[in-house]
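**Q** Here's the letter readout for the chains.
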Amino acid sequence: MTRILLVEDNELNRDMLARRLKRRGFDVITAPDGEAALTMIRQHMPDIILMDMSLPKMDGWTATKHIKQNPQTAHIPVLALTAHAMIGDRERALESGCDEYETKPVDFQRLLQKIDILVQKSGS
Amino acid sequence: MQDVHTYLDALGHIGTLLIRSARWRDVAAEVARCVAQTTHAQTVTIVLNQYEASQAWRGAYAAQYGPEHAAWPWQPPLPSHVAKTLERGDVWRDPPYALVPLVLNEKWIGVLALVAPTQQWFSPADEQFAVHVAHMLAEAERRRRESLVMRWDALKQDVPDRAHQLHMYANVADALFLCDQSGRIVDANLMAQVLLGRSIDELQGASLTSVWGLSSFEERTWWQEIRTTLQQTGRWIRRFQVARPDGTILTLEATVVPLDNSEHILVIAEDVSDVAQAFERLRASENRYRALVEYAPDIVFAMRSDGTLLTLNPAFETLTGWDRDEWIGKNVLDLVHEDDTHLLAEAREYARQRRIVRTDVRLRRRDGAYLFVEITAAPERVGDAIVVYHGIARDITQRIAVEQELRSQRRLFRNLAEIARATSRRPSLEATLHDMLDVACSATGAARGSLFLLDRAGRVTHSILAREQADEEEKIRLATRAIKSGVAGLAVRERQVIRIDDIANDPRWEKYPNAPFVEGSALAVPISHDDDVLGVMTLLAGQPHFFSEEDVALMSAAADQMALAVRNAQLYEEQRHLIRDLEVARDAAEAASRAKSAFLANISHELRTPLTVIIGYAEMLLEDAQELGDSHLIHGLERVLGAAQHLLHVVNDLLNLTKVEAGISELDIQKVDVHDLVESIVQHIEPLVAASTNRFSLEIDESVHEFVGDVVKLRQILLNLLSNAIKFTDDGEISLRVWGERDNQQEMLVFEVRDTGIGIASEHLQKLFDPFYQINTERNRKHGGTGLGLAISQRYAQLMGGRIQVASVVGEGAVFTVRVPAVVSQ
Numbered sequence: 139m140t141r142i143l144l145v146e147d148n149e150l151n152r153d154m155l156a157r158r159l160k161r162r163g164f165d166v167i168t169a170p171d172g173e174a175a176l177t178m179i180r181q182h183m184p185d186i187i188l189m190d191m192s193l194p195k196m197d198g199w200t201a202t203k204h205i206k207q208n209p210q211t212a213h214i215p216v217l218a219l220t221a222h223a224m225i226g227d228r229e230r231a232l233e234s235g236c237d238e239y240e241t242k243p244v245d246f247q248r249l250l251q252k253i254d255i256l257v258q259k260s261g262s
Numbered sequence: 002m003q004d005v006h007t008y009l010d011a012l013g014h015i016g017t018l019l020i021r022s023a024r025w026r027d028v029a030a031e032v033a034r035c036v037a038q039t040t041h042a043q044t045v046t047i048v049l050n051q052y053e054a055s056q057a058w059r060g061a062y063a064a065q066y067g068p069e070h071a072a073w074p075w076q077p078p079l080p081s082h083v084a085k086t087l088e089r090g091d092v093w094r095d096p097p098y099a100l101v102p103l104v105l106n107e108k109w110i111g112v113l114a115l116v117a118p119t120q121q122w123f124s125p126a127d128e129q130f131a132v133h134v135a136h137m138l139a140e141a142e143r144r145r146r147e148s149l150v151m152r153w154d155a156l157k158q159d160v161p162d163r164a165h166q167l168h169m170y171a172n173v174a175d176a177l178f179l180c181d182q183s184g185r186i187v188d189a190n191l192m193a194q195v196l197l198g199r200s201i202d203e204l205q206g207a208s209l210t211s212v213w214g215l216s217s218f219e220e221r222t223w224w225q226e227i228r229t230t231l232q233q234t235g236r237w238i239r240r241f242q243v244a245r246p247d248g249t250i251l252t253l254e255a256t257v258v259p260l261d262n263s264e265h266i267l268v269i270a271e272d273v274s275d276v277a278q279a280f281e282r283l284r285a286s287e288n289r290y291r292a293l294v295e296y297a298p299d300i301v302f303a304m305r306s307d308g309t310l311l312t313l314n315p316a317f318e319t320l321t322g323w324d325r326d327e328w329i330g331k332n333v334l335d336l337v338h339e340d341d342t343h344l345l346a347e348a349r350e351y352a353r354q355r356r357i358v359r360t361d362v363r364l365r366r367r368d369g370a371y372l373f374v375e376i377t378a379a380p381e382r383v384g385d386a387i388v389v390y391h392g393i394a395r396d397i398t399q400r401i402a403v404e405q406e407l408r409s410q411r412r413l414f415r416n417l418a419e420i421a422r423a424t425s426r427r428p429s430l431e432a433t434l435h436d437m438l439d440v441a442c443s444a445t446g447a448a449r450g451s452l453f454l455l456d457r458a459g460r461v462t463h464s465i466l467a468r469e470q471a472d473e474e475e476k477i478r479l480a481t482r483a484i485k486s487g488v489a490g491l492a493v494r495e496r497q498v499i500r501i502d503d504i505a506n507d508p509r510w511e512k513y514p515n516a517p518f519v520e521g522s523a524l525a526v527p528i529s530h531d532d533d534v535l536g537v538m539t540l541l542a543g544q545p546h547f548f549s550e551e552d553v554a555l556m557s558a559a560a561d562q563m564a565l566a567v568r569n570a571q572l573y574e575e576q577r578h579l580i581r582d583l584e585v586a587r588d589a590a591e592a593a594s595r596a597k598s599a600f601l602a603n604i605s606h607e608l609r610t611p612l613t614v615i616i617g618y619a620e621m622l623l624e625d626a627q628e629l630g631d632s633h634l635i636h637g638l639e640r641v642l643g644a645a646q647h648l649l650h651v652v653n654d655l656l657n658l659t660k661v662e663a664g665i666s667e668l669d670i671q672k673v674d675v676h677d678l679v680e681s682i683v684q685h686i687e688p689l690v691a692a693s694t695n696r697f698s699l700e701i702d703e704s705v706h707e708f709v710g711d712v713v714k715l716r717q718i719l720l721n722l723l724s725n726a727i728k729f730t731d732d733g734e735i736s737l738r739v740w741g742e743r744d745n746q747q748e749m750l751v752f753e754v755r756d757t758g759i760g761i762a763s764e765h766l767q768k769l770f771d772p773f774y775q776i777n778t779e780r781n782r783k784h785g786g787t788g789l790g791l792a793i794s795q796r797y798a799q800l801m802g803g804r805i806q807v808a809s810v811v812g813e814g815a816v817f818t819v820r821v822p823a824v825v826s827q
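Residue numbers (the numbering used here), protein chains in the order written: chain R, 139 to 262; chain L, 2 to 827.
In case anyone wonders, no lab produced these hints; they're calculated from the structure. Note that the Cβ used here is the ideal one computed from N, Cα and C, for glycine as well. Just so you know, not all the hints are guaranteed correct.
In silico lysine-lysine, BS3-like type, Cα no more than 27 Å apart, as pairs [what the hints assert, rightly or not]:
1) K206(R) to K252(R)
2) K252(R) to K160(R)
3) K597(L) to K660(L)
4) K768(L) to K660(L)
5) K259(R) to K672(L)
6) K672(L) to K252(R)
One-sided and incomplete, this derived list gives chain L residues near chain R with beta-carbon spacing under 10 Å [claimed, not checked]:
7) H606
8) I615
9) I616
10) L649
Throw the hints in and build the complete structure from the sequences for me.
**A** This is how it looks when you write it as structure tokens:
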């Protein structure tokens with residue numbers, strides 16, 4: 139079963155997305171901030187990470203850099219989720235090492251497609 | 002290298018010397034001196050009369066200036082390679098020696114020899130000058146010889162072929178010898194006896210050349226030469242020295258001419274040495290001199306060394322207005338301007354070492370005016386003491402006036418330039434005016450200066466003082482008082498320069514108890530621009546009659562410059578205010594724009610987060626409801642979702658518009674096949690068309706291929722226009738046509754969206770692309786929409802260098818035409 143780590147500080151959003159993903163048959167684990175995310179990754183080795191960018195303690199960009207710099211976790215695809223639709227957000231996310239980018243509120247169907255593609259790419 | 006005038010002056014002087022009938026040696030010495038002074042040569046030697054080239058450096062006929070020419074690298078005769086160069090007429094250069102040939106009738110007759118200053122060589126101009134002097138010397142010699150030949154030719158006609166008659170020529174100034182073909186003296190005149198110091202008995206029968214003191218070898222060669230020359234040219238000339246029995250040495254110039262119809266030859270010898278002057282010649286020259294003196298336009302005078310005037314010529318009376326008799330016997334110092342008497346003393350001191358002295362002084366005329374004269378005087382000595390001065394005084398009033406005019410003009414220009422420089426030097430008006438006032442004071446020599454600037458009401462705004470200390474308050478008080486009742490105010494009111502030559506005796510001068518001067522002069526110059534008096538400059542001096550006409554002219558010009566500086570400063574100040582206001586406005590606008598963008602970015606973030614939650618949960622619940630098959634719940638959740646998605650749409654549109662307006666929207670340039678792009682758009686709108694009662698048609702020109710630009714934005718534009726068309730058309734036709742065209746050398750893509758819908762009234766067409774502009778209709782309310790779609794579309798098109806145009810007839814439909822460059826540049 140594909141394990142998804144959902145990093146999101148907004149509890150309602152976290153809960154909603156987690157539930158919808160679980161319904162689709164994913165193994166979903168969650169973290170409320172960047173630091174917790176890194177711990178979860180070490181402990182559970184997810185297949186893909188959905189990462190909100192504006193996070194307390196450690197933001198998504200920093201957390202992604204850590205993930206991509208660690209050889210043990212570098213292969214895990216990171217899909218950035220952000221409410222910032224301003225110019226540069228996409229570039230900034232990709233620069234910090236994110237593999238994909240999705241603007242909130244997420245188009246759930248498109249999100250599912252992207253997850254599929256990323257997981258297949260990293261698995262092959 | 003000298004100024005060209007130095008050379009011209011020297012040449013002029015030498016030319017004058019050479020036409021004088023003075024003694025050759027004096028003339029040559031003065032020429033040598035002049036050449037040495039002009040070229041800075043150490044030594045200048047003039048050797049003339051080298052009838053035979055190799056005889057250069059025979060001293061008797063040389064004039065020299067500077068140290069002895071022992072320094073010459075060779076003794077006479079000249080080395081042949083040097084002589085050859087000179088014979089060709091070329092200058093011979095062997096630093097430090099330069100030899101310039103004197104050439105007459107293509108023959109080399111003398112040398113102008115120069116020794117260059119230590120460690121230096123002559124400039125080309127110096128050399129040119131020397132060549133010119135050599136030419137003048139040769140020319141003078143030619144003239145002299147011509148006059149001699151004329152005299153001799155006359156003699157030749159007169160002298161009969163009879164020896165005993167030659168005594169008739171006793172009074173002739175030249176020595177005459179009648180010789181036979183072998184050179185023996187047949188007869189000689191009295192002057193011949195006097196010159197050689199021998200009686201006629203001693204001379205008759207003697208060989209002429211032996212009488213002259215030549216060796217037997219010279220005798221033979223000379224006669225040989227004489228005979229040859231006489232056959233060729235009929236005349237033989239040579240200078241040589243003769244020792245008299247009393248031991249004195251004479252320089253003679255002998256000319257040998259054959260007598261017509263006779264076997265005898267006539268030898269004419271002229272004493273050209275400076276030791277003995279023939280009496281007759283002296284008298285003749287004295288006569289000439291006297292005539293010259295009488296008619297000369299210059300004052301010719303003789304005076305004793307103490308300054309007592311001995312002789313004066315008529316020119317003295319013409320030039321000074323005095324009678325000659327009034328001044329003969331009186332001292333010249335009483336005639337000379339008191340400020341110039343020291344010049345005479347200096348000249349007298351100078352005369353101890355010099356042959357000629359020169360000085361410029363002012364002579365008092367009878368009418369009280371002064372006459373500028375240039376005095377040239379030669380001292381006459383007895384032993385070492387100077388007894389008498391002979392001299393000339395030339396009227397140079399005209400020259401001095403011209404020179405003074407030139408000098409004062411030059412000073413005027415210099416000062417004006419200085420003032421102009423002061424206007425541009427300093428950053429502040431105050432500092433600039435201070436500089437200008439300082440320049441004005443030093444240019445005129447004023448002791449005090451002030452400069453007041455006035456506003457339009459005549460109030461003092463700036464008070465600047467030169468050479469005076471005061472605090473601001475005191476300065477303004479002083480200025481206000483000066484403007485109210487002083488000469489400064491007078492200049493301002495009368496709008497003209499006020500010059501007070503004597504403040505003690507001028508009613509215009511207001512006396513203050515603490516005025517700096519009790520007597521003196523004042524000059525007040527208004528500073529005006531066009532018709533406005535901007536201020537006034539006042540200069541004060543402690544002496545009466547201090548400021549000249551020239552000062553007035555200069556200060557008027559200075560005041561003009563000051564006016565310009567003031568006007569410039571005012572304009573600059575106005576402009577700076579204007580720019581500052583503009584900058585403030587611009588900064589405020591920019592800040593507002595930044596704040597707006599940040600606010601909207603934040604708001605959109607704050608709106609999106611809860612919307613994410615609402616849409617997310619609604620979708621989730623909808624899925625649950627669909628599983629349960631609860632149609633009531635499904636209907637309600639679809640409404641929630643619809644409203645939330647509309648809200649999200651509005652937020653997104655707002656954000657996009659904001660980005661374009663804030664100038665932070667960037668183009669994401671990609672390449673796409675236009676056919677593919679259009680196909681995907683058609684796919685996207687097909688469900689909408691199907692849901693409506695309209696028909697859709699597509700027409701795309703085959704020639705259209707690629708679009709390089711922001712594909713996402715173009716897609717958004719077309720979707721927006723097509724969905725609008727569907728929205729506002731019932732049972733009609735909607736078409737999309739695509740083609741390419743050229744516009745100003747640019748390939749453009751044209752997308753035309755045409756419908757047969759309700760159309761748009763002309764009053765709305767203009768504002769159709771304004772943000773939030775919506776036509777208030779039933780249909781619009783039904784369809785909703787943010788009112789931002791067209792505004793964003795138009796801005797996107799413009800961002801890519803294109804535009805959207807619209808045409809419509811109410812009730813018949815509308816046509817939106819999008820034109821974008823086929824290749825969009827960033």
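**Q** Indicate, hint by hint, whether the structure satisfies it.
**A** Going through the hints against the structure:
no.	hint	in the structure
1	K206(R) to K252(R)	holds, 19 Å
2	K252(R) to K160(R)	holds, 16 Å
3	K597(L) to K660(L)	holds, 10 Å
4	K768(L) to K660(L)	holds, 21 Å
5	K259(R) to K672(L)	holds, 26 Å
6	K672(L) to K252(R)	holds, 23 Å
7	H606	holds, 5 Å
8	I615	holds, 8 Å
9	I616	holds, 5 Å
10	L649	holds, 6 Å
Of the numbered hints given earlier, the model fails none.
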